[in-house]
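Participant: For the record, the sequence lines run as chains A and B.
At position 164 of the first sequence the residue is numbered 170 (this note's numbering), and the sequence of numbers has no breaks.
At position 64 of the second sequence the residue is numbered 70 (this note's numbering), and the sequence of numbers has no breaks.
No lab work stands behind these hints: they were computed from the structure.
Hints may contain errors.
The list treats identical chains as one, so a pair stands whether inside a single copy or across any two.
To be verified - With a straight-line Cα cutoff of 27 Å, these simulated DSS-like cross-link-like pairs (lysine-lysine) come out:
hint	residue 1	residue 2
1	456	490
2	289	64
3	64	490
4	289	322
Remember, it's a predicted structure, so these values are computed and weren't measured experimentally.
There are 2 protein chains.
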Amino acid sequence: MPEDKLPKRSEDFSAWYNEIVQRAELAEHSPVRGCMVIRPNGYGIWELMQQALDRMFKETGHQNAYFPLFIPLSFIAKEAKHVEGFAPELAIVTKGGGKDLEEPLVVRPTSETIIYSMYAKWVQSYRDLPILMNQWANVVRWEMRTRLFLRTMEFLWQEGHTAHETEQEAEEETLTMLGVYRTFMEEYLAMPVVTGVKSDSERFAGAVRTYAVEALMQDNKALQMGTSHNLGQNFAKVFELQFQSRAGNLEHAWNTSWGVSTRMVGGLIMTHSDDDGLVTPPKLAPIQLVIVPIFKTDAEKLTVMEAAEEVFLHLKAAGIRVKLDDRDSLSPGAKFYDWELKGVPLRMEIGPKDVQNNSVVIVPRILLDHEEAPKPGRKQKLFISRLDLGDRIKHLLDELQTQLMRNAHARREANSIRGVTDYTEMKALIERDAGFIYAGWCGMTECEAKVKEETKATIRVIPFPEFQSATKPERCIVCGVSAKHEVVWAKAY
Amino acid sequence: MPEDKLPKRSEDFSAWYNEIVQRAELAEHSPVRGCMVIRPNGYGIWELMQQALDRMFKETGHQNAYFPLFIPLSFIAKEAKHVEGFAPELAIVTKGGGKDLEEPLVVRPTSETIIYSMYAKWVQSYRDLPILMNQWANVVRWEMRTRLFLRTMEFLWQEGHTAHETEQEAEEETLTMLGVYRTFMEEYLAMPVVTGVKSDSERFAGAVRTYAVEALMQDNKALQMGTSHNLGQNFAKVFELQFQSRAGNLEHAWNTSWGVSTRMVGGLIMTHSDDDGLVTPPKLAPIQLVIVPIFKTDAEKLTVMEAAEEVFLHLKAAGIRVKLDDRDSLSPGAKFYDWELKGVPLRMEIGPKDVQNNSVVIVPRILLDHEEAPKPGRKQKLFISRLDLGDRIKHLLDELQTQLMRNAHARREANSIRGVTDYTEMKALIERDAGFIYAGWCGMTECEAKVKEETKATIRVIPFPEFQSATKPERCIVCGVSAKHEVVWAKAY
């Protein structure tokens with residue numbers, strides 16, 4: 007266990023993030039530049055994310071499949087925008103089985119090309135549509151500057167790929183999956199998000215329209231948490247994905263694709279964690295509650311461990327992800343420090359007095375507003391009877407989940423600046439990392455590019471109506487021309 | 007739906023296999039030579055395999071993690087036997103981000119090297135041991151002759167990698183995981199297997215000892231279903247995976263690795279399927295029961311569909327993976343054909359008369375010995391009351407699972423030839439694909455090589471005691487010298 011303290015968020019956010027990832031044993035750099043090793047504590051979070059999303063995908067009618075890691079270089083080149091977007095990021099296999107390959111193989115950066123080439127074989131008639139598939143896979147994009155979870159050369163993700171009879175159905179699917187992402191992020195990640203459409207310059211290479219889910223991190227930089235693309239007929243035309251329509255004509259199918267990745271783990275860390283370490287929403291915590299037994303004498307150890315084991319089995323049977331920390335090599339204080347750093351939502355302390363009282367002490371990882379406040383400078387402690395313990399703990403986990411969402415939402419709102427109309431003011435806001443800045447935009451790429459060049463901020467999304475300000479901005483903040491949209495500006499990861 | 011009949015197993019086993027994989031929409035060749043596309047019907051089986059194994063791995067104390075796809079070429083080269091075994095099969099990335107790489111990257115064929123190089127960073131003392139990790143991943147081995155599921159360039163698998171304080175602990179782990187595989191194959195795949203140790207020439211490149219799980223397919227060829235390796239200190243020495251021992255010395259850790267892959271789906275097909283198509287053990291069937299409504303008039307349709315939907319919801323709530331086939335475009339007969347081909351364990355027919363009788367008709371995919379036998383040339387039909395339907399169906403699924411195991415076991419036993427002592431006889435047996443041939447072996451590589459050269463058969467395993475013949479063979483079947491082991495010979499996939 008490292009003795010030195012974590013860097014503070016307020017002093018060096020980036021160092022704080024890196025230290026949490028390393029010390030909580032979530033991930034680590036590998037000997038291969040840009041590739042990360044996801045350690046069990048980090049992978050456990052990803053597994054819970056996968057399980058929840060996979061269930062939501064299946065409930066919306068999707069099936070999993072698996073397509074090859076390798077894609078012929080010629081496939082990527084077929085869609086003009088697609089190759090333009092991805093060519094600089096490709097990893098290329100040129101040798102196999104001891105020989106130079108005739109055609110180099112690309113390690114998939116995304117799978118539109120190979121997947122739609124297969125769909126073209128499977129689809130003859132409108133009866134074969136829709137195709138609603140998803141794959142869980144690794145992808146590779148050659149990145150020069152990488153950060154654990156946020157931007158790595160190889161990352162794990164899911165990519166959904168669908169084919170539809172009509173444009174409208176494809177658009178509905180694109181929005182449905184964006185909605186699934188939003189629900190997942192709010193309910194599981196306890197993360198408030200803004201959804202909307204991307205500007206043309208931020209669109210996925212090959213899409214007609216890209217929708218995104220954007221979140222605000224504690225350093226007031228934006229993180230794109232997921233995207234959902236309406237691909238129109240772009241790929242269908244290139245890969246001859248055609249079908250006999252109800253009217254008897256040969257038509258091109260309409261495609262969508264959508265994905266989220268291990269980047270979400272980075273978003274989770276930067277949304278909830280504090281200067282004591284990781285904070286994990288209970289629904290995504292591999293360990294939801296840790297039991298730390300406290301005793302001095304051998305006689306005390308005997309009674310305390312007996313009670314601790316009883317409680318452990320009881321909570322496990324109640325479906326709570328619980329761990330009993332019975333390490334002899336660490337003091338209770340060292341264990342507290344360790345589990346706080348690792349972000350376990352609830353800590354349970356059981357000492358001889360607790361055994362006598364048939365109760366336990368619960369210390370939540372974050373302050374719960376609805377429970378009794380602690381004395382200044384002290385941790386919140388809840389004294390709980392062992393009767394109905396399972397239900398009580400479940401309730402506390404729910405409360406903690408809700409509290410995290412409430413905190414994150416309040417922070418996001420406090421750092422959303424609306425009604426900015428002066429460009430000089432906006433530049434100053436961006437300069438001091440003020441958060442999401444809502445302002446008018448004329449819709450011209452030139453104005454967008456100017457802001458990006460001068461401030462490094464980009465249009466995160468043109469937000470959906472429910473995220474728009476009550477009063478619509480009248481003019482573009484850059485050029486002063488009549489505003490076409492209200493947009494959200496921020497620097498982003 | 008293809009009109010032409012499946013090839014018969016007895017006439018062309020290989021064509022029969024390929025046609026089942028394609029027509030049941032399990033998998034397909036991709037545009038990249040040697041890589042396959044796993045379609046939802048095939049992937050659904052793999053997902054159920056993953057879920058069961060993952061649970062078993064976690065119950066035996068393992069955690070999941072994820073290590074990079076790319077491995078520096080120099081890492082692979084560090085362990086002499088390892089590079090010798092894998093060098094001819096490597097896919098190599100030489101370009102990334104538009105530039106030639108200084109050091110080529112290998113697309114992992116297996117991850118011992120990268121994983122133990124990381125363990126070396128994490129382990130200082132015996133207190134950090136054991137490390138018990140597993141990863142679900144894709145791997146690539148450049149294969150010239152590929153077959154869907156059985157041998158593909160890219161395949162999906164899990165690879166467990168552990169590090170231990172003592173040689174004995176590593177050996178115990180190796181055997182524990184072999185046992186987990188055996189249990190999984192018997193209980194889920196309904197597949198009888200022989201476990202034992204591999205001869206030196208069949209050992210994993212870099213292992214001290216390789217244990218394997220071998221099964222006999224319907225064409226009497228063996229399929230290696232999984233392996234578990236005791237790696238000794240080979241990789242620990244090369245990657246300096248050392249720890250401070252309890253006695254205070256610096257010692258090398260002891261490693262094990264073990265894996266099973268999508269190849270198991272091929273094994274499932276070749277073990278249970280018949281001339282009508284795929285047969286899936288209920289525990290691994292994405293759809294366990296399909297409901298086919300039968301009606302003529304619109305009035306009948308109304309009552310039948312209402313009953314079918316009720317039954318569907320009832321069975322779903324009971325935890326059965328059920329599908330209601332309400333396609334209007336197909337006749338009931340065409341549906342029967344389709345679901346038989348796709349291997350759904352139970353078919354339920356509901357017609358107007360069944361609605362009246364408050365009953366359903368069940369047609370099991372294979373003959374159930376414990377149920378009433380059908381008339382010659384007819385399917386087995388079970389008439390079942392709708393009272394207690396959930397329990398009855400669950401019982402039938404269990405019965406079918408057990409029946410498959412019984413059938414496969416009887417077939418394996420009928421094709422296990424024991425006590426062969428004459429080499430000419432053995433050659434004749436191998437020539438006519440007689441199955442598993444048990445015979446004595448002196449332990450010399452020369453004798454093993456001679457058989458392989460003359461017959462193409464290999465030693466599948468030196469079987470564990472519970473699989474050995476009552477009478478031990480006295481002499482090596484090849485050279486006549488005193489036998490060291492009884493071994494199992496067969497041609498293999």
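Participant: None of the hints should be skipped; say for each whether it holds.
Facilitator: Results for each hint:
1. 456 <-> 490: Within one copy only: 17 Å inside, 81 Å across.
2. 289 <-> 64: Both ways: residue 289 and residue 64 sit 19 Å apart in one copy and 19 Å across, limit 27 Å.
3. 64 <-> 490: neither (38 Å within a copy, 55 Å between copies)
4. 289 <-> 322: both (15 Å within a copy, 25 Å between copies)
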